[in-house]
Amino acid sequence: MSDPSSINGGSVVAMVGKDCVAIGCDMRLGMQALTVSNDFPKIFQFNNAFLGLTGLATDVITLSEVFRYKVNLYNLREERKIEPETFANLVSSTLYEKRFGPYFVGPIVAGINSKSGDPYICGFDLIGCINFAKDFVVGGTSSDQLFGMCESLWEPNLEPDDLFETISQALLNAQDRDALSGWGAIVYVITKDKVVKRLLKTRQD
Amino acid sequence: MADRYSFSLTTFSPSGKLVQIEYAFQAVNQGVTSLGIKASNGVVLATEKKSTSDLIDASSLSKISDITPDIGMVYSGMGPDFRVLVDKARKSSHTNYKRIYNEYPPTRILVQDVARTMQEATQSGGVRPYGVSLLVGGYDADNGFSLYQVDPSGTYFPWKATAIGKGSTSAKTFLEKRWTEDLELEDAIHIALLTLKESVEGEMNGNTVEIGVIGPASDHMLGFEGVKNIQGPRFRKLSPQEIDDRLDAI
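Taken in sequence, the protein lines are chains A and B. Take 1 as the starting number for the first sequence in the numbering used here and just add one per residue. Take 1 as the starting number for the second sequence in the numbering used here and just add one per residue.
One should not assume that every hint holds.
Which chain B residues face chain A? A few, computed with CB under 7 Å, are given here [said to hold, decoys possible]: (1) Tyr101; (2) Asn102; (3) Asp142.
Non-contacting residues of chain A with respect to chain B, defined by C-beta distances greater than 10 Å in every case (computed) [unchecked claim]: (4) Phe44; (5) Asn72; (6) Leu172.
To be clear, the hints were calculated from the coordinates, so they are not data collected in a lab. Idealized CB from N, CA, C, for every residue including glycine.
Let the hints inform the model, and build the full structure from the sequences given.
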C-alpha cells in the first residue's frame, strides 16, 4: 500500500499517423493483485480532444468529471468547441494547481485540430509538465513496455488502418507483460471526419 | 472599500433608474469624442488628444492602449478610470485566460470580463461606477475582426462603426452614411479622420489625434524569424507622421 500510481493499474498510449491520431487503453481496474473490474475504460472525449487517464482510479474518475465541467463551461462561454492544444494546456494548468498535493495520474491527450486538420498528441506528468511528441506518448503501469513497443513498431505517416494495427500491437503486447494492466482494450482511431472505436479481443488475465 | 461599506451606493430611484449610472453617462458625454470603425480586414480606433495647455508633453500619454497583442481599447470620459480598467484587463487576460489555456482570450471574452468589472462597480459596496465608455477592437481566429462598446452600466454591444463622447450623436450619423460592408482598413482610417475632424475644436494633426489599428499581423515585431504557427501582434498605433500623411490626403 504505497505508490498511488500502481495500486489500481492501467495503461494508455497514443500515436500520430497520416492526418490521423489513435489512442488506446486497457480495461482493468484492480486493488493490487485483485482484479475488481474488466470494464473500466480510461479514455474520455471532450469535443474533439481525447484524454487518456491512468493512475489512481479515484483521481481518474474525479479528473474526468472536473474536465467535463470545465469543458462544458468553456463551450457555453466561448460558444465553440475546445481544440486539443487548448485542452492540453487546460489539463496542465489544472494539474499544476495541485502542485503540492497532486492528482496521482499520468494523462495523455490526442486529437485533431478542427481548423488546421493537424494531428496533436502530448503527455503529462502528475503535476502538469507537458511532454509534446510528434510520434507517440505512453502512460500507466506498463509505460516502460509501451515505450519499447512503440519505439520499435512506430513509423511516420501510417494510414488510419495501419495505425490501428500498430497501436493495437503496441498496447496488447505491453499490457500482457504487465500484471496490473490488461483485461481488455479499447482503441480509438481519429480522422478529420470520423472516429472509429474498437474493442480489442485480448487475454483475459 | 467593501470592508467598511457593506451596502451599495448605487440604488434605485422611485422611477426605476439607477441615478449613479445616469451620472456616469454624463461624465462620458462630457468627454472627448472617440470612435471605432470595423473594416473587412481590420478595426480602427481613433480619438482626439485634447490638451489643456501647449506645455503638456502629449507624446507621453497614450489614450489608445493594447490589452493583448490582438486587442486594443479607447475611451471617452475619465482618464484615470480608463487607466485602471486597462490595467485590470491586461492582468485578467493573463490570470483568467492565458495562464490557463496558453493563448490570449478572444475579443468577446475579454469584453465580457471588462463589462463584468464595470457592472460590479454598480452593485458592490462602497464603490462608484466607472466614468468611462470603452471601444474595444480586436481580432481572433474564430470570429475575425470585431468592435465592441462597453458602458458604465456594464452593458456591451457589438458595432460595425460607432462613436462615444461629446460629438458622438453627429459622429454616428456621419458614420451611418459612410460605412459599407466592403470597407478596407485604409478607407476606414480615412473615414475615421474625416469623422473626427467634425468634432475636433483646435488644430488637427499627428500630435493632437491618436489612431490605433487592429490589422494584419506584424511578424517583423516578433524579433525572430523561421518559427511556424506563430504570428506577430495585430495591434498597432499609427505614428504622428503616418497620421499627418493621411491628413494631407484628405
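(message) Tell me the hint numbers this structure goes against, listed in increasing order.
(response) No hint contradicted; all consistent.
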